[in-house]
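Student: Sequence:
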Amino acid sequence: MDKKKIDLKGVLAPIPTPFEENGILNLNRLDEITAFLSKCGLTGIVVMGSSGEAVHLNFKEKCRLLDRAAGLAPPEWTLVAGTGCFSTIESLELTREAARAGFHAALIITPFYYRSRMAAEVLTAYYRDLADSSPIPIVIYNMPANTGINLSAEILLDLAIHPNIIGLKDSGGNMGVIARLKNEPDGNFDILAGSASFFLPALCVGASGGIMALANIAPVSCVTLYDSFRAGDLEKARKIQQRLSELNAAVTSRWGVAGLKAAMEIRGLHTGPPRRPLLPAGPDIHAVLTDLMEKSLLPEDKVRRLS
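Quick note, our numbering runs 1467 ahead of the 1-based positions in the sequence shown.
Take the hints with a grain of salt, since some may be wrong.
What the hints assert, rightly or not - Derived SDA-like pairs (lysine to any residue); straight-line CA-CA distance at most 25 Å: (1) Lys1476 to Glu1487; (2) Lys1649 to Glu1557; (3) Lys1472 to Ala1566; (4) Lys1472 to Lys1527; (5) Lys1476 to Asn1641; (6) Lys1703 to Lys1762; (7) Lys1649 to Glu1732; (8) Lys1706 to Pro1668; (9) Lys1703 to Gly1735; (10) Lys1649 to Asp1625; (11) Lys1769 to Arg1582; (12) Lys1706 to Gly1643; (13) Lys1769 to Ser1505; (14) Lys1506 to Asp1751; (15) Lys1527 to Glu1557; (16) Lys1506 to Val1672; (17) Lys1472 to Pro1630; (18) Lys1476 to Ile1752; (19) Lys1506 to Asp1700; (20) Lys1472 to Leu1765; (21) Lys1769 to Leu1745; (22) Lys1527 to Lys1476; (23) Lys1769 to Asn1641.
The hints are simulated quantities; they were obtained by calculation from the structure and are not laboratory data.
Since we're looking at a predicted model, the values are computed, not measured.
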């Protein structure tokens, strides 16, 4: 059985989930987010990833979000849904909902609550069980900073041969593991950089693209870096990587979802605050982000502001 062909090359934006000030889901704001991103050369979007605060959504909200996002997406986009939950049965149920809504692949984070019990055989069985029953292909999500679990190359190589497991979003940033994964499987397993902090290094060792929070606020810059690398212009790609590094840290490791949503507000994209218990960014953070965006974004990105 051949792996299903899903385009995971290029840049995908893991979009934030918009909320009202009181924390109520506001799906109307998805319209302007997708309209903005659709003009920037992205391959697609990820809904309900870490940037989308998936852990702050209940099952009913997730289903509503899947339906709305799928209905707004341009036909050429690859649609990926974060459907990993704490149990196999719930992950599979949500993955089936994503398939019903029209998503092309499911991004599955490692289960982590019983972290001390997540041995290699448990994690391998989890992904195989899902892949055996899922109506859409599975992309493994390795996010050690949030889960405390870092999938080994051996586990990933074992899973990569499954016909319904088509790739990995790696936020661990181990270039050796990425290179090994690209060299050893059958060639039908895509690796996606999970952070813009190591986008170019990941491309250099075989990654096919990236799913990066920064792509929400600097989509043209991220796509230009990717296109420059693919065209062999490593010097241009290197310069873009360098200029984006500080801004990327600001909306990931430094201020997280609050920083990302603040940066999107600066761009005129109204995502509302993070859902509690996360707190919104204050005016001082907004000021720092405004300065960072002014000096970091490529000119082509700066003109794509919304009023």
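Student: Hint check: Lys1769 vs Asn1641, CA-CA at most 25 Å. Holds or violated?
Tutor: violated, 32 Å
Student: Quick one, are Lys1476 and Ile1752 close enough, alpha carbons at most 25 Å?
Tutor: Violated: Lys1476 and Ile1752 sit about 33 Å apart, past 25 Å.
Student: Are Lys1706 and Pro1668 close enough, with their CA atoms no more than 25 Å apart?
Tutor: Given pair Lys1706, Pro1668 holds - Cα atoms ~13 Å apart, limit 25 Å.
Student: Straight-line Cα separation of Lys1476 and Glu1487 no greater than 25 Å?
Tutor: Answer violated: Lys1476 to Glu1487 is near 33 Å, above 25 Å.
Student: Taken at face value, is the distance from the CA of Asn1641 to the CA of Lys1476 at most 25 Å?
Tutor: Measuring from Cα to Cα gives roughly 19 Å; hence the hint holds.
Student: Has the given pair, Lys1527 with Glu1557, been kept, meaning a C-alpha gap of at most 25 Å?
Tutor: holds, 12 Å
Student: Between Lys1472 and Ala1566, does the CA-CA distance stay at or below 25 Å?
Tutor: Between Lys1472 and Ala1566 the Cα gap is close to 15 Å, so the pair holds against 25 Å.
Student: Are the Cα atoms of Lys1769 and Leu1745 separated by 25 Å or less?
Tutor: violated, 28 Å
Student: Checking one constraint from the list: CA of Lys1472 to CA of Lys1527, max 25 Å. Satisfied?
Tutor: Distance of about 30 Å is beyond 25 Å: violated.
Student: Decide if the proposed pair is consistent with the structure: Lys1472 and Pro1630, CA atoms, cutoff 25 Å inclusive.
Tutor: holds, 11 Å
Student: Compare the distance between the alpha carbons of Lys1703 and Lys1762 with 25 Å, and conclude whether the hinted pair is satisfied.
Tutor: Since the Cα atoms of Lys1703 and Lys1762 sit roughly 16 Å apart, the hinted pair holds (cutoff 25 Å).
Student: Lys1769 and Arg1582: Cα distance at most 25 Å?
Tutor: Given pair Lys1769, Arg1582 is violated - Cα atoms ~43 Å apart, limit 25 Å.
Checked against the numbered hints given earlier, this structure breaks hints 1, 2, 4, 7, 9, 11, 14, 16, 18, 20, 21, 22 and 23; the rest are met.
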